[in-house]
Amino acid sequence: VNGEIVHTMDAEKHYGKKCGFYIYKNSKIEVDYFKIKQEKDKLPKVDLNKINLITDADKFGERINLGPNINTAKYDEKSPIISASGKSLFFTRENYPQNTEGIKADIWKSKINPVDSSWGEAKNVGRPWNNKGLNALIAISTDNNTALLGNLYHESGEPKNEGGLSISYRKDKTWTIPKKMEIKNYYNDDGYYGFCLSPDGKVLICSVQRDDTYGDKDFYVCFLQSDSTWSEPKNIGRSLNTIGDEGTAFVASDGKTLYFSSDGYQGYGKHDIYMSRRLDDTWLNWSTPQNLGPKVNSANSDAKFSVPASGEYAYMISYDESTEWDIYKIKMPESAKPFPTVLVQGVVYNKETQLPMSATITYSELGSDKILGRANSDPETGQFQLALVQGKKYSFTAVRENFMAEHYNFDATNLKSYKEYIADMYLAPIKKGATIVMNNLFFVANKYEILPNSYPELD
Numbered sequence: 001v002n003g004e005i006v007h008t009m010d011a012e013k014h015y016g017k018k019c020g021f022y023i024y025k026n027s028k029i030e031v032d033y034f035k036i037k038q039e040k041d042k043l044p045k046v047d048l049n050k051i052n053l054i055t056d057a058d059k060f061g062e063r064i065n066l067g068p069n070i071n072t073a074k075y076d077e078k079s080p081i082i083s084a085s086g087k088s089l090f091f092t093r094e095n096y097p098q099n100t101e102g103i104k105a106d107i108w109k110s111k112i113n114p115v116d117s118s119w120g121e122a123k124n125v126g127r128p129w130n131n132k133g134l135n136a137l138i139a140i141s142t143d144n145n146t147a148l149l150g151n152l153y154h155e156s157g158e159p160k161n162e163g164g165l166s167i168s169y170r171k172d173k174t175w176t177i178p179k180k181m182e183i184k185n186y187y188n189d190d191g192y193y194g195f196c197l198s199p200d201g202k203v204l205i206c207s208v209q210r211d212d213t214y215g216d217k218d219f220y221v222c223f224l225q226s227d228s229t230w231s232e233p234k235n236i237g238r239s240l241n242t243i244g245d246e247g248t249a250f251v252a253s254d255g256k257t258l259y260f261s262s263d264g265y266q267g268y269g270k271h272d273i274y275m276s277r278r279l280d281d282t283w284l285n286w287s288t289p290q291n292l293g294p295k296v297n298s299a300n301s302d303a304k305f306s307v308p309a310s311g312e313y314a315y316m317i318s319y320d321e322s323t324e325w326d327i328y329k330i331k332m333p334e335s336a337k338p339f340p341t342v343l344v345q346g347v348v349y350n351k352e353t354q355l356p357m358s359a360t361i362t363y364s365e366l367g368s369d370k371i372l373g374r375a376n377s378d379p380e381t382g383q384f385q386l387a388l389v390q391g392k393k394y395s396f397t398a399v400r401e402n403f404m405a406e407h408y409n410f411d412a413t414n415l416k417s418y419k420e421y422i423a424d425m426y427l428a429p430i431k432k433g434a435t436i437v438m439n440n441l442f443f444v445a446n447k448y449e450i451l452p453n454s455y456p457e458l459d
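Position 310, counted from 1, in the sequence shown is what the numbering used here calls 310; the numbers after and before it change by one each time, with no gaps.
Calculated directly from the structure, the hints in this document are not laboratory data.
Don't take each hint at face value.
[Stated by the list, open to error] Calculated lysine to any residue pairs in the SDA-like style (CA-CA distance at most 20 Å, straight line):
#1 Lys-78 / Lys-111
#2 Lys-111 / Gly-133
#3 Lys-35 / Ile-54
#4 Lys-393 / Asp-411
Bear in mind the structure is a predicted one, so any value in this text is a computation, not a measurement.
Please construct the entire structure, taking both the sequences and the accompanying hints into account.
Here it is, written out as structure tokens:
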């Protein structure tokens, strides 16, 4: 007061970036200036006074509203999740009369028309994903057979009405009732939260508020444990997090490119969409986030960027006073696309009956026993797909109990652009007289000496 310190106190736990004074009864306060400081090691790396714009931001296409088959005139469409193949779109529709009991939010799905790439009329996915609660799809696996859903479910399928994350598996023509995913010491001090899953299913990024959060919600990382639980959330740090709100994360099929929204950086609207690349396997070090520019970001809020493996188009939500929240697509320049991947697609057959069957498909670096990821074939159609990132030679294997495994390989060492590779796999029942094809058996040229990268298949 009058230049003299009359009182000090430890900082209270803070939420967000707004500060003020509580005035009680007939008190009055006049303020000449109000100064807030934060420790240097908690400040973001970037200059918050300028927009860090992505290269070729002007080469994004125009935002295209997905139209009446997806968007309604009076209700909000949110949380778009595009499948890796780009052929299925999941999203949430809020307070819509055709939702389960016409309330809250339900998950809807649309399929693309292969003739003209238009989206068909969306359909409610029904139970067990949808119930009387607030329903949202968080992630769909590359093979389309595992889903992460927001909130928790009773064994009856009804909502528990408490925050958390659930997992559901495809079973024949339907899905299992979602079960809680156990995250060590999980808590969230904010009323909202967000999650996204890495393509290999081993890493979870959370958008939550905890004791060591810098301001509003921060990004944290959890790792899948051997007992199928998840490690305690670890703050990703100032390479991504600001004193503002970080959320709506999406990890692309390459496992390295992250799209997210934030209001903590200098941008064009309230929440803008940014892109960053993962720099190592700790998931704590990321390139400086780049704003995707004014063709993507409006003067309002933009969020929920979702990209198929091709990276050709992105899907997002944007707020407009006339239509509220709608879903849009936008064509991507090379600078904003994920690193190239090959999408391996095929059907697993019973070699003896020629009928499709369920199996587990694992993939590794050729010659290595370390499994990098796995997919499951559809129990009804036998279809599977998995995404392989550029830079390695891969072996992928279809396995089912009482059947001989079948192996394939793909060289993505010099992959320059997105590719699709068809590989149908035939599993022979184990019995006397059965024959198998060994695709990953390699020899030194002109010799009978077997190369080491043959050993995993031989084993």
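Against the structure, the hints come out as follows:
no. : hint              : in the structure
1   : Lys-78 / Lys-111  : holds, 17 Å
2   : Lys-111 / Gly-133 : violated, 25 Å
3   : Lys-35 / Ile-54   : violated, 32 Å
4   : Lys-393 / Asp-411 : holds, 4 Å
Checked against the numbered hints given earlier, this structure breaks hints 2, 3; the rest are met.
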